[in-house]
Amino acid sequence: MKVGCWKAKADVAGYAAGDAITSCTVDTETVDAAAKFNPIMNSYTGNTGVLYQAKYDTDAGTASAGFGEGQDQNDKAITNAMIAARAVAQSRIWFAGWAMTALEANLVLMGDPSKAPGTQSPDGSYATRVIPMA
Amino acid sequence: MFTVLGQIDETQWAENCSSGGNEKCALTEDTGTRSKTTSEWAWNADDRCNYTTGENADVVSWTCQMLGLRGWDADADGNFSAWGSTGLIQSTTAWKGTVRDAGGSTAEPTGMEATLETANYEFDKDGGDTKMK
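Sequence lines, in order, name chains A and B. Under the working numbering, think of the first position of the first sequence as 1, with each following residue one higher. Under the working numbering, think of the first position of the second sequence as 1001, with each following residue one higher.
No wet-lab data here; the hints were simulated from the structure.
To spell it out: a stretch of chain A is covered by chain B in this simulated footprint if at least three of its residues, at any positions, have a beta carbon under 8 angstroms from a beta carbon of chain B; those stretches are: (1) 84 to 90; (2) 93 to 101; (3) 107 to 114.
Far from chain A, some chain B residues (derived; all Cβ distances over 12 angstroms): (4) Q1012; (5) R1034; (6) T1053.
Computed Cβ-Cβ distance ranges for the label pairs, DEER-style: (7) A:Y56 - B:D1101: 40 to 48 angstroms; (8) A:T101 - B:S1061: 31 to 39 angstroms; (9) B:Q1007 - A:S64: 38 to 46 angstroms; (10) A:N106 - B:E1040: 21 to 29 angstroms.
Remember, predicted model here, so these are calculated numbers, not experimental data. Virtual Cβ for every residue (Gly too), placed ideally from N, Cα, C.
Starting from the given sequences, assemble the full structure and let the hints guide the process.
Structure (structure tokens):
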């Protein structure tokens, strides 16, 4: 982020027009004699403190660890869309299982061609299969 | 039974197949050749009873595909040689998909299992926060 900023000075009262910089990058980690700061966005307390807004923002982002963003499966927040997507997928998987069971059962009733006489491993059931009439 | 395909793949069995005034997918008797001694029955051409909606430039074609339980390939003698790629069981299997690393492999999940994984999260009924991920 490019902002207007000032050279860092321990002596706050000693700032002069020549200390202003019209374009610089906000340091998000440290403030020292070489760093620049913006008097509105940052809060510089001298050599012992790092109480400036960019650092607060960085710390807050780290602390949130993705909580609340709700963008994908890695987020710690569970959105309504995620609840619906998971429920739909799980229901369809269950349904597919039931359908598979029913279809496989019908295949046995109708006669499994893989077990028909003439194949390598017939079990004899195909030739004697009786199709039940409803 | 083939209408179950509509629950799995609507591109193969559209919502209004065999309903209303649309063509029916069914084994039907050919009334043109019917007589006291002849009765011919047949499936729809290409095993489909497709229909359209709309008019002129807005016509939309819908597919109604009849599938058997489990298609298979025959050998030179007409006996079973291997399972084919089409059939209700094959379609259902593909639609359901497989979980990640199924059978000890390193394969990506497929079908609905892939959808479920994408939406994955777990609730902790005791209120803990370790399963929210």
